[in-house]
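**Student:** With chain A held as given, fit chain H with the ligands onto it using these hints.
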Amino acid sequence: MKKGILILEDGTIVQGNGLGPDKLVYGELVFNTAMTGYEEAFTDPSYEGQILLMTYPLIGNYGFKFKHQESDSPKIRGLVIKEPAFFSTNTRKIEDYLEENNLPCIWGIDTRRLTLKLRYYGTMKAILSVSTGNINIEKLTKKIKNMSHPHSENLVRQVSCKRILFHKGQNKNKVLLIDCGVKKSIINSLLKYSSVIQVPYDADFETIKKINPDGIVISNGPGNPAHPEIIKTTVKTLKKLIISGYPVFGICLGHQLLGLALDLKTYKLKFGHRGYNHPVQFLENKKIYITSQNHGYAITKESKNKEIIFDWININDRTIEGMRHKSLPIFSVQFHPEASPGPYDTSFLFEKFFKMINAEKKGY
Amino acid sequence: MPKRKDIKKVLIIGSGPIIIGQAAEFDFSGSQASRSLREEGYQTIIVNSNPATIQTDLETADVVYIEPLTPEILAKIIDKERPEGLLPGFGGQTGLNLSYELARRGILEKFKVELLGSNLQTIEMAENRDCFRALMNRIGEPIPRSFAVHNYDEALKVLKDMNFPLLIRPAYTLGGTGSSVVYDRDQFYDAVMTGLIRSPIKQVLIEESVLGWKEYEYEVMRDNNDNCIIICNMENIDPMGIHTGESMVVAPAQTLTDKQHQELRCAAIKIIRSLKIAGGCNIQFAVNPEKWEYRVIEVNPRVSRSSALASKATGYPIARVSAKIAVGLNLDEIPNAITKKTMAGFEPALDYVVVKIPRWPFDKFPTCDRRIGTQMKSTGEVMAIGSTIEEAFLKAIRSLEIDKCGLEPDNWKEYELIRELQEPTDRFIFAVAEALRRGYTKKKISELSRVDEFFISKIENIVKMEKLIKRQDVSLQLLTMAKKMGFSDEYISAISGIKRDEIMAKRIENNIIPVFNIVDTCAGEFEAYTPYYYSTYWGEVDNKKTRRGNRKNILVVGSGPIRIGQGIEFDYACVHSVIALREMGYEAIIINNNPETVSTDFDVSNRLYFEPLRLEDVLNVIFKEEPYGIILQFGGQTSINLAVPLYEAIKKYGLNTKILGTSPSDMNLAEDRKAFSSILKQLNIFQPPFATGFSFDEVKDIARKIGYPVLVRPSYVLGGRAMEIIYDELELEKYVRLAVKVSPEHPILVDKYITNATEVDVDALCDGKDVFIAGIMEHIEQAGVHSGDSYCVIPPLSLSKKTINEIKQIVFDIAIALKTIGLINIQLAIQNGTVYVLEANPRASRTVPYVSKTIGIPLAKIATKIMLGYKIKDFNLPAEMKLDFVSVKGPVFPFLKLPGVDPILGPEMKSTGEVMAIDKTFGGAYYKAILADNKFASSGTVYITVRDEDKKEIVKIAKELTLLGFKIVATRGTAQFLRENGINVETVYRISEHKSPNALDMMRQGKIDLIINTPTMNYSAKRDGYTMRRLAVELNIPFITALKSAYAEIEAIKFARKRKMQVRPVNEI
Ligand SMILES: Nc1ncnc2c1ncn2[C@@H]1O[C@H](COP(=O)(O)OP(=O)(O)O)[C@@H](O)[C@H]1O
Ligand SMILES: Nc1ncnc2c1ncn2[C@@H]1O[C@H](COP(=O)(O)OP(=O)(O)O)[C@@H](O)[C@H]1O
Ligand SMILES: [Mg+2]
Ligand SMILES: [Mg+2]
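Heads up: the sequence lines are chains A and H, in that order. Numbering of the first sequence is given in this note's numbering, commencing with residue 61 and proceeding in unit increments. Numbering of the second sequence is given in this note's numbering, commencing with residue 181 and proceeding in unit increments.
Don't read these hints as lab results, they were simulated from the structure. Remember, predicted model here, so these are calculated numbers, not experimental data. Here a beta-carbon is modelled for each residue, glycine too, at the ideal position from N, C-alpha and C. Wrong hints could be hidden among the right ones.
Below, in silico cross-link-like pairs of lysine-lysine (PhoX-like), each with a Cα-Cα straight-line distance of 20 Å or less [said to hold, decoys possible]:
hint	chain 1	residue 1	chain 2	residue 2
1	A	K244	H	K439
2	A	K125	H	K471
3	H	K521	A	K361
4	A	K346	H	K456
5	A	K153	H	K623
6	A	K269	A	K300
7	H	K439	A	K153
8	A	K347	H	K456
9	A	K252	H	K439
Some chain H residues flagged as far from chain A (calculated, every beta-carbon gap over 10 Å) [stated by the list, open to error]:
hint	residue
10	G221
11	N985
12	L1144
Next comes chain A alone, as it looks inside the complex (with noise of 0.2 Å):
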């Protein structure tokens, strides 16, 4: 039997079973509270660099399937979880799975413990290892401590595409997809009202004007927004775009860039939102909405602009879950319309991103 790791900067160590690859591998360890849709959240682009802990205990229920992909593969760079299910009749098993995407895992440990650790503490670094033989603990727990925090990577190169991509749509609407991560259903959500032309997160904005879109989406991504290298390619485009007047819709790390676009603050939340039952509220009309997340940073309450309102909060702990512009075509969500995993209650988003850039086109 395999063993697993998992090493944390506190110098907390946590033993117990292995799954997948010997491996090696060190992140920012977070929780997701769902409880469906984990290979949804696997290959999200959003958890790159980061170590995933699901709280729900049973994990690959029903198998492994292709279409559950938010991305070509598992951007998790490892998994802890208390139950695999080593059952699956028609689909692929979570053990062959983790082999042949590399994925190691540790299972079979009390991942409630490490939850409420990560509740009190914060999210935190941590180092995952998967092996058959023996694992040099102390050579681990020395290591992680003047190991740097996975966010001064550039995460969002690592995930973003390198060329620009053509998706043809249902009409003649054309939107720019600027691409930090983005995953599958945002561009399937978009395709069903236009063509996406999906573009590298540093696409310059000449490029963009030349293609000439009807409006723009950011899409979601990991790590820290405010990451020098983003400032000064996406964030930079992103404030001329604005000027340009373009109708611009941001989700989730693309809220985030919008926000420093409009000189807004962001901030590393404790630990997070990551599941798909987090309650915001439509301030406009006073509705509730159940909605997918998946982020650790987030625009500060306190950070000042006449031009924008924070339309959507969360009635949990009250952070910002959207915004808009007053004179502009812009807004922007913290939360995940498209789903997947998690509910569709706001998926009428993107509708009303359309509305308005038809509007637009009218010219009101």
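**Tutor:** Here is chain H with the ligands on its own, set in the frame of chain A:
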């Protein structure tokens, strides 16, 4: 939206007595709703005929009525109380149908009462199967092809373009009453006809079958701002065709992909919006296991059995929130009582698995058809929480208390095993395990049973572990694995042959003990304030004890699943004990496994442990809590049976705790026949002669010695299981051959049966010195009908002053002799003046709530205080109980739901629930009690057939009935005798004469309104009467099996004729 100011008083209709399909869950939701509304400053009025409910306590509601649940009575109450609002959705199907009826009759309009939560249209659209069909078609939700019909001709027309098998589903029923699967025309006819009888609006749905599809339930909540959330979804392990109430259920759903779950979620929300329900509702889906498609099966526009389960499974208080929504609040305005910080508008996330298994009453009804289907047969259920399905599953099995600690098989022949898999019974899951042991593949089993292979694989894991334990000597590693899989020491011991104590010692030595996790609704994401725990072996144990200052904590052991003989009464007593403890400033801790009950509500106790009630599991909690004391008196036989083992464990492990109240050794004196009778001898109190036989011959000799009729039974049982009255040696042989095995390990107890005796129940309090006699209950039926099954009355009707004093003395002497600290219940039989003691139970009895409510003194609370050192004199209780009214307790029976069961009454308890009724006169109270079970005839034709001993007596009764204008028909013997005594009567053929018109024909033609049948107590005669009694049940014709009941019935009829019913709130008692 702020809460409504235009409403001040709200009426909540309860669900009445416990019946199959409607158990304690509605006391739970009703009480929670009432508390929730009062919290918001509303006044609540609760009406319920069931005294054993927390909701009928004056602490729960502002005004309480214990009255029959009929539209007439409710109209009276509404007139008297003038509430502005009515909550229809908290009293189960009963409450819903009554509210609907009140609205339909214009009573609500007349008194300006508004239906809150679900209005008339909503109820109509959801419950009327035809309207529901139409609605689903309109909003484009798929349902099985179906037609609603109102008579057989319509049904036949429909049949033309449908093919078998078909589902027959009556409208406005519960627990699948009257619904069935039919495979041919004959079955079709019967099913449609019964269905039409069962449906209050005479409507049945004839529906295409989706048998074998997977069944899912969604608990949805909607507020006044159209916000919708899913509290929980649940997956039935059993396929469609097995009622959700009969299915083993897992929460959350296990085998749905996210896309599929979200699709059902959207459908659920679409449906609740289209029905405009404000509050919680339950939606059932069928899902095709082959390719992705689903059908909507039904919606219950109210809190339901499932929502109670969902509440306990997630920690989300559905009833509490639904009630607040009903008075105008919205989800973003209601705080989440669990996390305090967050709001009610969110969806719970689970980091554990929940398993529910129903508890069936077949142990009481050997003749019953055990197969489970679309109609409920279970009386209760257990829930278990674990980290994995296996762990939760084995905990649930332990909790059932069916003498199984794991998946022990019966010894099935091959074909029997296969039948078990194809036509499941209560033994299904054990059959699956056995099939796996015999080498059946998961696939094969799944094909036979239509159960998803995923779940079978979980059973397989357990079976594999069994094998490992059998083969190897149990290493620490294996032990750990087994415990993680939910194996109890008992189970491991049974398989490995190692002693249970050894295994336990080894575990504790090596720190293989469970951790206790909190059910917090959010998988640990937020801090939780509900002290609601479950144990699991999947956690890291930290041995540092959580010291709780010097405050004293006391553990109250609950009563487990609701079953015949141990119903909600015991949960009621436990809850009262908890309340008393908290009043005294103790920390009250509950351990129980019944998801329906108030005792497992999140804020009733200081700490709740949702656990099996086996020694090991209770000890785990005791180790964790180190309680100052343990209370076992209120959990019925479940907790009493723990007394001695716990007592020994406490000594063995030197635990710093003690069992409060009457000492286990003294309890044992009462249970142990020999010891008890020697006590009685010393006190020279009479007892029916008895002896114990360890072989058949011995039993025969004893019977001859003490003389027939005798009453035989295995010792140590509650509810008179396998108990029989035997009239001669021939029957004795039959009984011993069929009913029980007799051996040195299984002795049979033989009592002289005291014939034509009046039975009396007494509940009393004792502090070791003083005794307070709380209630002397005279039974209407003669001794021989189980105390739980007979009507009884306070104060006694026919007992002489002398007898009553004698009884009081006896009770006093026994209570003192047993050194009783707390409650004691004593049953006596009075045969022309002589008082015999039948049994004494030094614990809370079934009748504690009834007596408490009758005399207005909370017995369980006082008992608890006595156990903690108070004396009886501290409560200045009255020396004499003076009542200005008569209080009757009436039983309610499950016969309709249990084909093959003879509705005849005997020493075996058969009733599921009880009602209480009060009035100035006995006739009035008895009448109300009958109404509460709604079978009553105040005029018409009475069919009389009695055994010879009763012929003389019956003449008086017949005369009375004639005077009351009843037409009398009788079988030849009885008829002749009556004629000779100047009563004109029509003769009908005996059933055995096979000529027409016989009684059955007349009953079918609706020509019989009342039956008086005192059966001759031998097998053959029983069989003869059986068909008739059975038919009476099916046709809902009231029938009387005891002469004294006949007199009582006449009193009731006279009352019904002459006088109007009065309603009187408990507050005024
Ligand atoms: N069309 C059908 N095909 C197969 N089984 C069905 C069908 N309709 C209902 N059932 C089964 O009958 C059970 C009882 O039906 P339901 O309408 O839920 O009765 P109740 O209102 O008493 O809950 C369901 O739980 C389901 O298992
Ligand atoms: N010796 C007896 N003579 C007449 N009836 C009896 C006798 N013993 C028991 N019964 C009847 O059987 C019923 C059940 O017996 P009991 O000892 O109370 O069993 P349980 O423990 O189930 O309550 C009693 O309520 C009473 O009606
Ligand atoms: Mg149902
Ligand atoms: Mg129903």
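**Student:** Now tell me if each hint is right for this structure.
**Tutor:** To see whether the hints hold, each was checked on the structure:
Between K244 of chain A and K439 of chain H the CA atoms are separated by roughly 14 Å; this keeps the pair inside 20 Å, and the hint holds. For the hint pairing K125 of chain A with K471 of chain H, the CA-to-CA distance comes to about 15 Å; that is within 20 Å, so the pair holds. Our distance criterion of 20 Å between C-alpha atoms is met by K521 of chain H and K361 of chain A, whose separation comes to about 19 Å. Under the criterion of a C-alpha separation no larger than 20 Å, the hint pairing K346 of chain A with K456 of chain H is consistent with the structure, at around 18 Å.
For a cut-off of 20 Å, the pair hint linking K153 of chain A to K623 of chain H stands: about 17 Å separates their Cα positions. For the suggested pair K269 of chain A and K300 of chain A, the alpha carbons sit about 10 Å apart, so the restraint of at most 20 Å is met. Between K439 of chain H and K153 of chain A the alpha-carbon distance is near 19 Å, which keeps this suggested pair within the 20 Å criterion. Between K347 of chain A and K456 of chain H the alpha-carbon distance is near 16 Å, which keeps this suggested pair within the 20 Å criterion.
Distance restraint check for K252 of chain A and K439 of chain H: the Cα-Cα separation of roughly 18 Å lies within the 20 Å cut-off, and the hinted pair is therefore satisfied. Non-interface status of G221 of chain H relative to chain A is upheld: no Cβ of that chain comes within 10 Å, the nearest being about 23 Å off. Every CB of chain A is more than 10 Å from the CB of N985 of chain H (nearest about 62 Å), matching its label as outside the interface. The non-interface label for L1144 of chain H is consistent with chain A: the shortest C-beta to C-beta separation is roughly 62 Å, beyond 10 Å.
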